[in-house]
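Trainee: Here is how the chains run, residue by residue.
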Amino acid sequence: MSVKKFLWTALLLTVVTSLVLSACGAPATEPAAEPTEAPAPPPTSPPPEVPPAEAKVLKMIFTQEPAALNPYYSNMWFELILHQIWNCWPWPSDDKNEAYPNLVTELPSTENGGISEDGLTITMNLRDDIVWSDGTPITSADFDFTYKMVMDPKNGVSSQNPYDKLTGLETPDERTVVMKFAEPFAPWKALFWRGMLPKHILEPVFEAEGTLDTAEWNLAPSVGCGPYVFAEWESGGFQRYVKNENYWLGAPKIDEIFIQFVPDDASQTAALIAGDADIGTFPPLTDVPALQDTGMNIMIQASGYNEGWFFNFRPEASPGMSDVRVRRAIAMGIDRDAINRDLLLGLTKAPATFWDAMPSYVPPGIKPWPYDPEAAKALLEEAGWTDKNGDGIREDAKGNKLTLVHGTTIRGIRQDVQAVAQQQLLEIGIDLQLMSQESDLFFGSYSDGAAVALGEVDIMEWSDAPYFPDPDTDYWLCDQLPTPDNPYGYNYFGCDEKLDKLSREQRTLMKAEERQAVVQEIVQYMYDNINWLGIYEDPDYWVVSSRLTGVKFSGVTPFYNIAEWDFTQ
Amino acid sequence: MIRYVIRRLLQAIPLLFIISLLLFILMRNIGDPVATLGGRRMMRPEDRERLTRQLGLDKPLFVQYLYWLVGNDWTKVDLDGDGVAETQGPRLGVLRGEFGYSLMARGKLVTDLIWERLPNTLLLMVSAEVVIVLFSVAVGVYSALHQYSKIDNVVTAISFIGYSMPIFFLALASMYIFAILFKRWGLPYLPTVGMFDPEAGKTPLQVLQHMILPVFSISAISIAGYSRFVRATMLEAMDEDYVRTARAKGLPNRMVVFVHALKNASLPLVTIIGLDIPLLLGGAIVTERIFAWPGMGRLFLDHVSRADTPVVMGILMLISAAVIIFQILTDLVYAWLDPRIRYT
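Protein chains in written order, with the numbering used here: chain A, 728 to 1296; chain B, -13 to 330.
So that you can see chain B by itself, here it is in the shape it has in the complex (with noise of 0.2 angstroms):
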């Protein structure tokens, strides 16, 4: 086991050079960051070729992915524009720990941005894979075991309303709804936006308030999803045959449904579990932008939209290097629930 998840390690490697290539390619194809510099206003192009220089987006595409990778401390740069490279570049390199400055934000390192930004995007992405885990286990065993019961039937129809709604709406009418209505009405109320009251100030209570409205508006769509995957799975399991020689055996139900039908209904629920978990640390950026959640979702959206490259590479290569460390333990996980699987 060790051996298999050192040799799924030493294959990420040079899984992410590609990776990384192939998105600074596309990074650098997608807009000039320098365009949208000047504002409302169109900037001058002296300042727009000065600027270009200065910030090395004149060097070949080859040469700019190289200084991203082992930065450019080691060569001169020219910034005064006379044709003479005449100072030494600032820059490290993400093989020496640094993604670099941002771009628009002049002079913030990548990784500050995305320290600032990561740990909101967690509490309100892992709070709301908690509640859908949770939900959609429960709402999900509940419907297997009494399929086509009223409750069922009940649960099918809300999961299907749920499951075809946009975020964007439910986010918008669970603002409108609990916020502003509630208010109006003098019933108690949410907040809208935000993760604080300012006259307040920023404590764990004001921040679980202004959490609600956003894990809802993302777990109900899940839930939806995730339950009625849940039903099907286990209403399969609960169809096998050591389901029925457990019975006969004089388990409990409880040990029936929940050790031995649920453990194997759940194989393919590890599984999208395992893929959703490293997307975690890109956010939710349509509930992050309704509710000004300062989150990685709203980083990324912010920074794409002009081009960002420093920025934009970073989110991704934290996402590229989560979504293979996951895989290994969707991996291992599989290992410890369905003992016929051993990895060598």
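Isolated chain A, as found in the complex (with noise of 0.2 angstroms):
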């Protein structure tokens, strides 16, 4: 063959390869066909490859795509969100963030014996008439053998917590389940259960694989036990769910939930404003007022996060942190209230404390530190802080510059209020150093050099929560210091003896007024050390076509009630 019929048949074929790949292409992921051992379980339809024209279909927007669908496998949160749609929890939240029964007939409590007086057995008694979507009955069996994969050395789960709390797990009949424990575990309700895993589909799996890890039913879930199944999922581009006409709870209004990965936050606004999806998550504040005009609607969601700075009072961190007069300064420094206003259009607030979204655990009277310069002025002065030779930033008595290196990643607002922050400590004579990275770069370990680790921060800031609905957290454990021999400890912050036993104490109380006031004294107790210190409130926010009927969010399980929502006529 000459070169020049050898080349036009390259490029032919070059050509013609592409077509026909991208028209047959890789087939979207459907739902795995896993051996099961279940006695002839009812048949269950297959989904349709296209819907009927008159199908309701919702369709969604997410900017992120889930890595995985096994609940235990990832903690992404739009795969979390996705459980209410296909999977299902034994206590979802409501849209006040209350638990309610769900898998459960009751929620366990001292009250109905569900939890013994000693805080150290939780019985959980199971519905009799919740079945998979393929009709199998779910049993305590679902939940025994949720805990051994779980805990499974040789599946890669994300989170062992906190079934490793258990001490064991029994099930005596088919429905009831009975957790033992060391010790009480108060949040017990907020972190167990996110998540069945169905014994029947994946436990042959396991004995044949020897591991989850590779299972088809993590990416194509055959079953599940929400008011929709999996149908479909075309990587990069759309995952697709049909109603589960064998839901317990009665089969879902809206026939087909279609959730498109659209990365772009501009391209999401666009795609909701002509109308191209029902729901948008998270959309910029700034393109708020557009999607109002066309009707949209934005509905927030408290979640428990909050965006604040957590301080550095570490040996490693620059002199000064340690003083809680310092940090009352930088505290009365920055004019949140600005920033909320002109960066986030108003439409958040400074929190005033890490559990404002649980106002319960919060003592009254407690407001966010007023923007006040001059007093911040005074207390550095107090505290020893002055500006000798004139240059704008102030010195100790030794000399040592009152200068603070504050750190975060890369997010676009986050940049925004560095600037700001830096302008204003200015003010007050702080010289406050940026730095900002990647998020797999800034929460890298000790061993790895990470700079907030090694307590080369000052400032940290990112958004997060205790472990809502429940106010638990475990970042000020003295036994989370990252060191050598623990690389991986997140307690960037320091050892405050108080704060720790506090923070073990509450964890163990089971009596809601007991630990309440245990929890209360922790954020007074912060709140006057400035331990963190909330920029803006970090609530979720979604987008919702007004064609939309029925619709509410949970923070904890926002879909939890989506089997009721219906377009208008």
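Hints in this document: simulated from the structure, not taken from any laboratory.
One should not assume that every hint holds.
What the hints assert, rightly or not - Only pairs whose alpha carbons sit at most 30 angstroms apart, straight line, appear in this in silico DSS-like list of lysine-lysine: (1) A:875 to B:62; (2) B:45 to A:892; (3) B:45 to A:881; (4) A:1104 to A:1076; (5) B:188 to A:980; (6) A:875 to B:45.
Now that you have both chains on their own, put them together as the hints suggest.
Mentor: Structure (structure tokens):
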């Protein structure tokens, strides 16, 4: 073959191949045909390839694509929120962020005997009408299987928390699950059973492969227990869910959910304005007026998250950080109302505490530290920081400059806050050096030399929450300090013995009033010592088409009532 | 010629090894993939330590590279952290055709991930490249033949504007105009994002409709640049003696321009296109992101930002191999275009 013919052939083949590949391509992931040992489950209808013309299709936009669907293989928010669509929790939360029974007959408590007097045993009684989407009953065996799979070292689950706190799990009958603890664990309701694994589907897989890591069900769950079942997932493109005809609470009103992955915020806004989607997530706040002008509703739901500054009082921190007067001066030297007004269009406000989304745990009377630069300067003078040489930056008696390092990730709004804070703190004589990195570098380990782990960043900014809706958090525990022996420790802030003691104590108090009192003490202590400073609230923002009805969101399980959503005529 | 091709292919093998080693070292030093697996919340130290061990990320770098290259099914690994390697390794390695599993999309083979996205990318990028070549040759030749005419001046001005425009601006502006404003004005409008409308289904017409704006965005800026290039090389070729001779022989103008002048003027263009084609596999990161086109560009961006080494290595090795192959093909095209060039 001559060179000329060879090249023409090659070119033709390239073009034809690409067209054929795109037409045929790799098929979107569809529910896996996992082997099952279930005794003759009722046959399920295969999901339709194309919805019938009259089917009601809800179109959602996610700005991030889930990595996996197995509830225990990833903790991404965009995966967690899908659970209420196709999986199930024993007790989801409603729009008031209060848990209600779903798989259980009632929430365990000391009053109903579900929690033993010593707090070491929690008993769950399951409903007798709950079934997987293939009709197989959900029983205590599924809970036992879920627990065992999470704890098995051959499974690379994202977290074994809090299952590693159990000393054992008993299933005396199909409707009863008994959890045993070594010590009382108050946050159990917020942390346990965030998703169920079907034993009849996955146990054969585990026995054959020795692990669930490569199970097809992780990416294409053939059965679920929510109002919808998984139908299709095209990588980078979309996921599709169709109504679960076996849903024990009755089939949902909308036939199909189509979730499109649109990573660009501006594109998401354009698609919502053009009517190409019914639900959007976390729109840029600057786009909110344009969205509202087109008739979209913006629904805001507290989810426990607040953007805040975490203060470093470790020995490695810059001089001054260990002095509470310096931290208070910083708190009063930043105009957070202006930040919320100007950078966030006044749609948020500065939270006073890390627990503002759970007001019952915040002592009455606590308000955000006011913006008072004069008071801030007075505090710095009192603490011995003065500007002797007139360069605008204060020094201590030894001549150390009051230069602090502020670190955060590369998110745009954070860069803006840094710029504003730098300018405002300069006005009270503090030199703020700015640092920003990608998340995987910022939150790297001690052994990786991550600056926050090494204690080299004085003020760290990101959005975080307690284990909402529970007030528990372990960020300030002394044994979480990153060290060469504990390179992944995430107490980047310092060891305060009193804070450590109170944090551990509240976790073991099963009586609500006792726990509330201790948590309030923690909140007050951290407020007085400025261990954390709120910059702006970070609730969930939802963009909802006006043609939808019945839509409510929860901050814990956002789509908790999706079965009741419908379209207006 | 055959010997030349074989020699080049053999030379590529050590080159690919070196590339893979350098890329692997680079990837393993740009971040910790486990750091972001906790989602919105930080991961507990014990979970992080466990996952680091289970994913083999606690091994020395050269061991990780070795496992990536040849697999670890010939050895045992310690999954339960008791210091005893008890479980057979599951990986086959690149040399046996397995690029491993994604660290993000747990349990998904890298080859499956790439195979799902590659057709979408080829569809978009090959279409854009065909549009670019056709339009830039047409515009460039016309401009060269009508130098300093009104149309040439207009084309020149548009080229300079287009070439200096950032692609994200062009993409968003075209989306806003042709999708939102046209719809608002009651005109026929184009879709905003994705490959198809779910209510209509994934049909060829739907895909074609959804391709228009991304192909336009990718090709507009390149046409602006390439047409200037073609114009310059054509002007140079049209001044050559052999073109004057061809005209003097009485050959038709079409033959003079397209057979004699364009063929010689296109040699540098072939070089550029030859360099471009393998990069088509990498997709168009910005365009794919804006139009939510599920291609390789987005795959790369999503996974490199989370230090997902197996996926990023798979993509980069694919592109590296493609660059080498298309370099060889470019050399062959040179030989076809210019009979004076011969390889031994």
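Trainee: Against each hint, give a clear statement of whether it holds in the structure.
Mentor: Evaluated hints:
no.: 1; hint: A:875 to B:62; result: holds (23 angstroms)
no.: 2; hint: B:45 to A:892; result: holds (29 angstroms)
no.: 3; hint: B:45 to A:881; result: holds (18 angstroms)
no.: 4; hint: A:1104 to A:1076; result: holds (24 angstroms)
no.: 5; hint: B:188 to A:980; result: holds (24 angstroms)
no.: 6; hint: A:875 to B:45; result: holds (27 angstroms)
Violated hints: none; the structure is consistent with every hint.
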